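> One-letter residues, chain by chain:
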Amino acid sequence: MLNPANTILEMKGISKFFDGKPANDQIDLKVNEGEIVALLGENGAGKSTLMNILFGLYQADHGEISIDGKVVSINSPLDAIALGIGMVHQHFMLIPAFDAYENIALSISGKRNGLVNHQVIREQIKKHSIQYNLSIVLDTIVQDLPVGLQQQVEILKALFGECRILVLDEPTGVLNEQEKIKLFSSLKELKAAGLSIIFISHKLDEVLDISDRVVILRKGKVVDSVITNRTNKEDLACRMVGRDVVFSVKKGPRLFDNKMKDRVLEIKNIEVHGKRNTQTIKDLSLTIHRGELFGIAGVDGNGQSELVEALAGLRHVTKGKIFLNGNEITNRSSRSIKQMGLAFVPEDRRSMGTIASYSLDQNIFFRNSDSKTFRKHFGQIDKKKLHMLGDRLIKDYDIRIPHRDMLVGQLSGGNIQKVILAREISSDPVVLVAMHPTRGLDVGAIEFIHTRLLELLSSGAGILLISTELDEIISLSDQMAVISNGKLSRPFRPDELSLSQIGLLMGGSDEEACR
Amino acid sequence: MKQFLFKKRENRPSFLDSVANTCLAIAMAIIVSIIFILSLGENPISVFEFIIRGAFRNTSSVLEILAKSTPIIIIGLGVSIAAATGMTNLGGDGQFYMGAISAAIIGIYLEAPVWIVWIAAICVSILAGGIWGGFAGFLRATIDTSEVIIAIMMNYIALFLIGFLVSNPLQAPGGIPQTRAIPQIVQLPKLIAGSRAHWGIVFVALLALFVWFVMNRTVFGFQLLTIGKSAKAAQYGGIAVKKLSVTSMFIAGGFAGFAGMIEVFGTYYRVLEGISSSFGFTAVMIAILARYRPLGIIVGSLLISTLTVGVNSMQIAVNVPTSIVTVIQSVVVFSILVMPKIRANFQHAQRKRLPPDEREES
Amino acid sequence: MSVLLTRDFLVSLFAAGVRMSIPIMLPALGEIYAERSGILNINLEGQMLMGAFASFIVGHYSGSVVLALLAGALAGMLQALLMATACIQWKTQHVVIGIVLNMFALGFTSFWYRVVFGVTIAPPMANVSGGVSTPVPLLSNIPVLGEILFSQHFLFYIAIALVIVSRFVFNRTFFGLKIRSAGEYPLAAETMGVNICRTRYLSMMICGVLAGLGGTFLSVLSLNRFVDNITASRGFIALAIVIFGRWKPLPVFFSSLLFGTMDAFQLRLQSVGLNVPYHLLLMLPYLLTVLVMIMTSKNSKSPAALGTNYNREAMTDT
Numbered sequence: 001m002l003n004p005a006n007t008i009l010e011m012k013g014i015s016k017f018f019d020g021k022p023a024n025d026q027i028d029l030k031v032n033e034g035e036i037v038a039l040l041g042e043n044g045a046g047k048s049t050l051m052n053i054l055f056g057l058y059q060a061d062h063g064e065i066s067i068d069g070k071v072v073s074i075n076s077p078l079d080a081i082a083l084g085i086g087m088v089h090q091h092f093m094l095i096p097a098f099d100a101y102e103n104i105a106l107s108i109s110g111k112r113n114g115l116v117n118h119q120v121i122r123e124q125i126k127k128h129s130i131q132y133n134l135s136i137v138l139d140t141i142v143q144d145l146p147v148g149l150q151q152q153v154e155i156l157k158a159l160f161g162e163c164r165i166l167v168l169d170e171p172t173g174v175l176n177e178q179e180k181i182k183l184f185s186s187l188k189e190l191k192a193a194g195l196s197i198i199f200i201s202h203k204l205d206e207v208l209d210i211s212d213r214v215v216i217l218r219k220g221k222v223v224d225s226v227i228t229n230r231t232n233k234e235d236l237a238c239r240m241v242g243r244d245v246v247f248s249v250k251k252g253p254r255l256f257d258n259k260m261k262d263r264v265l266e267i268k269n270i271e272v273h274g275k276r277n278t279q280t281i282k283d284l285s286l287t288i289h290r291g292e293l294f295g296i297a298g299v300d301g302n303g304q305s306e307l308v309e310a311l312a313g314l315r316h317v318t319k320g321k322i323f324l325n326g327n328e329i330t331n332r333s334s335r336s337i338k339q340m341g342l343a344f345v346p347e348d349r350r351s352m353g354t355i356a357s358y359s360l361d362q363n364i365f366f367r368n369s370d371s372k373t374f375r376k377h378f379g380q381i382d383k384k385k386l387h388m389l390g391d392r393l394i395k396d397y398d399i400r401i402p403h404r405d406m407l408v409g410q411l412s413g414g415n416i417q418k419v420i421l422a423r424e425i426s427s428d429p430v431v432l433v434a435m436h437p438t439r440g441l442d443v444g445a446i447e448f449i450h451t452r453l454l455e456l457l458s459s460g461a462g463i464l465l466i467s468t469e470l471d472e473i474i475s476l477s478d479q480m481a482v483i484s485n486g487k488l489s490r491p492f493r494p495d496e497l498s499l500s501q502i503g504l505l506m507g508g509s510d511e512e513a514c515r
Numbered sequence: 001m002k003q004f005l006f007k008k009r010e011n012r013p014s015f016l017d018s019v020a021n022t023c024l025a026i027a028m029a030i031i032v033s034i035i036f037i038l039s040l041g042e043n044p045i046s047v048f049e050f051i052i053r054g055a056f057r058n059t060s061s062v063l064e065i066l067a068k069s070t071p072i073i074i075i076g077l078g079v080s081i082a083a084a085t086g087m088t089n090l091g092g093d094g095q096f097y098m099g100a101i102s103a104a105i106i107g108i109y110l111e112a113p114v115w116i117v118w119i120a121a122i123c124v125s126i127l128a129g130g131i132w133g134g135f136a137g138f139l140r141a142t143i144d145t146s147e148v149i150i151a152i153m154m155n156y157i158a159l160f161l162i163g164f165l166v167s168n169p170l171q172a173p174g175g176i177p178q179t180r181a182i183p184q185i186v187q188l189p190k191l192i193a194g195s196r197a198h199w200g201i202v203f204v205a206l207l208a209l210f211v212w213f214v215m216n217r218t219v220f221g222f223q224l225l226t227i228g229k230s231a232k233a234a235q236y237g238g239i240a241v242k243k244l245s246v247t248s249m250f251i252a253g254g255f256a257g258f259a260g261m262i263e264v265f266g267t268y269y270r271v272l273e274g275i276s277s278s279f280g281f282t283a284v285m286i287a288i289l290a291r292y293r294p295l296g297i298i299v300g301s302l303l304i305s306t307l308t309v310g311v312n313s314m315q316i317a318v319n320v321p322t323s324i325v326t327v328i329q330s331v332v333v334f335s336i337l338v339m340p341k342i343r344a345n346f347q348h349a350q351r352k353r354l355p356p357d358e359r360e361e362s
Numbered sequence: 001m002s003v004l005l006t007r008d009f010l011v012s013l014f015a016a017g018v019r020m021s022i023p024i025m026l027p028a029l030g031e032i033y034a035e036r037s038g039i040l041n042i043n044l045e046g047q048m049l050m051g052a053f054a055s056f057i058v059g060h061y062s063g064s065v066v067l068a069l070l071a072g073a074l075a076g077m078l079q080a081l082l083m084a085t086a087c088i089q090w091k092t093q094h095v096v097i098g099i100v101l102n103m104f105a106l107g108f109t110s111f112w113y114r115v116v117f118g119v120t121i122a123p124p125m126a127n128v129s130g131g132v133s134t135p136v137p138l139l140s141n142i143p144v145l146g147e148i149l150f151s152q153h154f155l156f157y158i159a160i161a162l163v164i165v166s167r168f169v170f171n172r173t174f175f176g177l178k179i180r181s182a183g184e185y186p187l188a189a190e191t192m193g194v195n196i197c198r199t200r201y202l203s204m205m206i207c208g209v210l211a212g213l214g215g216t217f218l219s220v221l222s223l224n225r226f227v228d229n230i231t232a233s234r235g236f237i238a239l240a241i242v243i244f245g246r247w248k249p250l251p252v253f254f255s256s257l258l259f260g261t262m263d264a265f266q267l268r269l270q271s272v273g274l275n276v277p278y279h280l281l282l283m284l285p286y287l288l289t290v291l292v293m294i295m296t297s298k299n300s301k302s303p304a305a306l307g308t309n310y311n312r313e314a315m316t317d318t
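Chains as they are written, first to last, in my numbering: chain A, 1 to 515; chain B, 1 to 362; chain C, 1 to 318.
Here chain A stands alone, though its shape is the one from the complex (with noise of 0.2 Å):
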């Protein structure tokens, strides 16, 4: 029989360095066979950096893996693969264009590049599926199957690999609560087959759910390992996050009186057609009036993406209408659509929101060249209001920049946001959208970021705020929704629904459901 206390994976010392600045710090990490590790810890807490380090994806800087005892190096996924390590990765490693079984068939290529033997691969796929409990639809493109399925496909493909050690990143994230319950029995079964499992997740039941062990990470360092039965939900959050309170900025209770507000923002039954036509925009209204936060929770993927690019002209939107201030504004150009006073913050902020290689004007001035304000004569830029504004917005906003010709690429993230937020709102919008503005970011630049919007709401614009942080958005907003599989919950008041209600409605349960 498997002896527990057999180590099978040690990590020594593990440090890597973005730019400089620690992502790992010197962790360690042990694990034995047949147990589930849980790595717990907050966004940017450095589980998934770690994880990758073990998978090869990243060289470690500092620190040794060892394997059975003897030290390895992992220079690329082949390495760990060939080490019996298999990984589930966050946002799937499968090929889209790929069906099901050609996926698998890959992965358990190796050294091998002759005939794929057909029948003796769909043969052990099928036994491995009964095996664990795995549902696989085989001849179905993988991009055209829901997420839940596309999961089962990257376990599948990680157990192919005849693999001991298990990683999973963020296993739970894209999936319904159905999805999940499957998911850990699968794991279970795994678990009494021998393997050992890795589990990453910021969510404190799922850990306490699955785990034998827990290892918390804080700011790149292993603060903690507790073994799962003599813990609590609270010690973990504590530990977790090292502080009490996870956003101090609140929403102070107002009374709202929606006959007496205008609308800002109106959608009327919008549809809109996702990439390559999949996920879709159905039927979609909702209504923000002056002064007013509009919250949209759900998980990644659902259709945020859509709609908002929708608003702000950036996508075709195929059926409705969208009125801004009263005007009209569907499918016009975005343009049009900010000059009509939408303003937007895109979720990807290094690559859409702002311009790497552009000083931090140019970064003003691109999403603002064609007003008059900046234009001089012969059509020339006029440098030294532009210099004028960044100055202003640089104290306004506290960002920090070295000097002003620094490229905004080199800023940190939640510099690059302050950026992008100071642009958008300093041009007076009517309507403010806002994606994901305080992903990834510490809890300073959170707390600023949700400041600004509270006093930008007092000012008399509306506010749509659309995240996958439930409590960002419940302590945020003044009326919220869900948006599940493109469609939108009815609007209602934060404190209308419980968590676990709301919870329901992301993994897609219908409003019934939650009554």
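Check the hints yourself; a few may be wrong.
[Said to hold, decoys possible] Simulated restraints, written as ranges between beta carbons of each label pair:
| # | chain 1 | residue 1 | chain 2 | residue 2 | range |
| --- | --- | --- | --- | --- | --- |
| 1 | A | Ser351 | C | Leu67 | 48 to 58 Å |
| 2 | B | Arg343 | A | Ile227 | 31 to 41 Å |
| 3 | A | Ser371 | B | Trp199 | 52 to 62 Å |
| 4 | C | Ser62 | B | Ile34 | 25 to 35 Å |
These are computed hints drawn from the structure, not numbers from a lab.
All values derive from a computational prediction rather than experimental measurement.
Where is the CB? At the ideal position from N, CA and C, for every residue including glycine.
The hints should help you fit chains B and C onto chain A, whose structure is shown.
Quick look at chains B and C alone, frame taken from chain A:
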């Protein structure tokens, strides 16, 4: 804040760096040409001496350099504008042909005061070249077709179209496939009588200044550059990405067409088959070499033309084929493209060997 | 027009079409490998040119078809390796470096041709005995079809074999899966154990060999001579054909035949002496390429990672 004042440009490729890269690239080209010349059984030193002497042997050879570089600079300036939006204008030759033939038609058939002929010829040649280039740009912007392949096909179409025109409807009497000459009065005056260099070179200097101004000072130039940096961000920024991308290719084509007009009015006075000796390709190479900067394009074109004139005159003395210019040119550009990456790889490998604390500093 | 519709005319037209398609077909088949693995090999033209030149030199001095073919394949492959190194190792932009290397091949071949043969009045011949067709026993006796398809040059039979083999490679082998995955989503492919570098290098080498063979056919087997820029942008036509054929061997095979036939057609028209200026006929293949590009590009589905360099840490860094 003050402590940062002194390392203002720390994060951009420094001037020294680009000088080092250029020097390495030139060194590479020299090494390759030495190998080539040695394998011919010639003495590299004396060949180089011949080249330099040949290029600067007298006033007319120096003016010849100017004449040769004129069309290349104009096309190269156009290439740099297309490159701003991420387009590669390999269609310079076809656009040049179209500009040349339409300018020639104006020159031959329009009976009007000189100034009007000139202005009409300029407008028509820009339009003809612009349409030729804009078509490739339009297809790229609307249906995402490779503008490189289209432009090259358009080169051949223009080539054969010219071939047809100069040997059929527009052929001058005498049986040679060429058009009639434009009247002497509309020909551009020579810089010095008897040489090939003409006043077109003055246009070139003004044009380069103009391109520099547009790309560095104006909103229009900024918008073009933004598209090239990130089309996604530019669209978010409210810039008309498709329209401006097509415009940039239209301008590039217009420049090449204008170069055709200048060559017809300044050098050949007529259109004949083979009037362009792959100016378009040379211009692209030089524009890459100059990293799309106007001054660099002028200097690069002058250097390559010097080399061509030198090698041409040397050929009489020593047996080194003129195609060595093409080889040298491509080796230099190849090295310029590859050298920074090789050096970065090398530096990266070195840095990896340092312990982490020291690495942060470097 | 009646002269165009006789049986003899049509048979000889299509037979010539097949023959003229060979130097586009082979490079286009090779380009499928390169592009499916993610490399936009604009340098195809240069690889053909190098192959045409090297095989001519070897053919001229040895008189052996086999040696000439080997030399052509090798030269094409070496040029492809240079392109591959620049893209994979040094991560340069594929289009730009491809253009530069085309220029290099043009200068290189033209330079050495003059060095070896000097300026001569009578151009030197390859004088290799492989230029004729080899009829397939039995099959070539089939009327019409046999004359068109089975009385061809042996490189055509090789091309047919390559089409079948390539289909098989892409659909039924691990190697094919690896190539396609490298061109679709290299990061995911690497997590599944695919060595992206090696796969891309191998694909480029296959492409270089086929491009070199295409060049060999032009210089040694077809023209019996070498001239500057002998390929005349056939490499770019092949690039267009790969798009037209949606990166699949069989459609690429048929599109090459279409282009070859078009080429043969315009040559026939010239010789028939119809009153069409020959310049306009020469234009036809290039015009057809433009038309084909306009028709296909809207619904064509290129490999998702085509033309992008793979940089592991940059891609995982979100």
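> Range first: 48 to 58 Å. Now tell me if the beta carbons of Ser351(A) and Leu67(C) are that far apart.
Distance hint for Ser351(A), Leu67(C) holds at roughly 52 Å.
> Okay, Arg343(B) versus Ile227(A) on CB: inside 31 to 41 Å?
52 Å, violated
> Falls inside 25 to 35 Å, the C-beta gap from Ser62(C) to Ile34(B)?
Between Ser62(C) and Ile34(B), where Cβ atoms are some 30 Å apart, the hint holds.
> If I claimed the Cβ atoms of Ser371(A) and Trp199(B) lie 52 to 62 Å apart, would that claim hold in this structure?
41 Å, violated
Consistency note: the structure conflicts with the earlier hints numbered 2 and 3.
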